[in-house]
Amino acid sequence: MKRALSSSIRATTWLTAPLLAEITTAWIDSGKAAAMADWKRNEIATRFAMAREILGPWLHPSLEPCFHLWISLPAPWRTETFVARARDRGVVVNSSEEFMVGRQSTPHAVRVCLGATLSRERLEVGLERLAELLNEVPEPSLTVY
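Going by numbering that gives the first Met the number 0, the sequence shown opens with residue 0, and the numbers climb by one from there.
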């Protein structure tokens, strides 16, 4: 068993797969890799501008273009409630708790991925649904003890 595991690790991590190295080299030499990087930078800028326009009041003003945004939730929103209400509307956001290490308290915030869909139109709909939700006052949650 130990020999099989060792062989498997060596076979999958020892070096870059030759075909992948060949393809990457061809893309670099032909300029395709640079074109792909330029496309990605432009896509990030476009999607970020869309998010800034729709979610501007909830985004930090100095935030640089990126594929992931953090939104600090306005009171009285609690993270778990906001995540659940967003999912009810067909929008998946990540709770800040998913990114915390240890047992410290987590901020009431969510992470929004601007690259989760290939369609800019679907992204726009999702961002608008989040903006609508952020403008609402959540219903009080009932806790049974």
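It is possible that part of the hints are untrue.
[Claimed, not checked] Quick list of the computed label-pair ranges, beta carbon to beta carbon: (1) T11 / R51: 22 to 32 Å; (2) V136 / R9: 15 to 25 Å; (3) P137 / L117: 46 to 56 Å; (4) A25 / A3: 30 to 40 Å; (5) F66 / D87: 21 to 31 Å; (6) M99 / G55: 24 to 34 Å.
Quick caveat, the hints were computed from the structure, so don't treat them as lab data.
Each residue gets a CB set at the ideal place from its N, CA and C atoms; glycine is no exception.
Evaluation of the provided hints:
1. Checking the proposed 22 to 32 Å range against T11 and R51 shows it is violated: the Cβ atoms sit about 41 Å from each other.
2. Between V136 and R9, the C-beta spacing of about 58 Å breaks the proposed range 15 to 25 Å.
3. Distance hint check for P137 and L117: the Cβ-Cβ separation is about 31 Å, which falls outside the suggested range of 46 to 56 Å.
4. For A25 and A3, the hinted distance range of 30 to 40 Å is satisfied, since their beta carbons lie about 34 Å from each other.
5. The hint said 21 to 31 Å for the Cβ distance between F66 and D87, and at roughly 24 Å that hint holds.
6. About 27 Å separates the C-beta atoms of M99 and G55, a value consistent with the hinted range of 24 to 34 Å.
Violation of the numbered hints given earlier is confined to hints 1, 2, 3; the remaining hints are satisfied by the structure.
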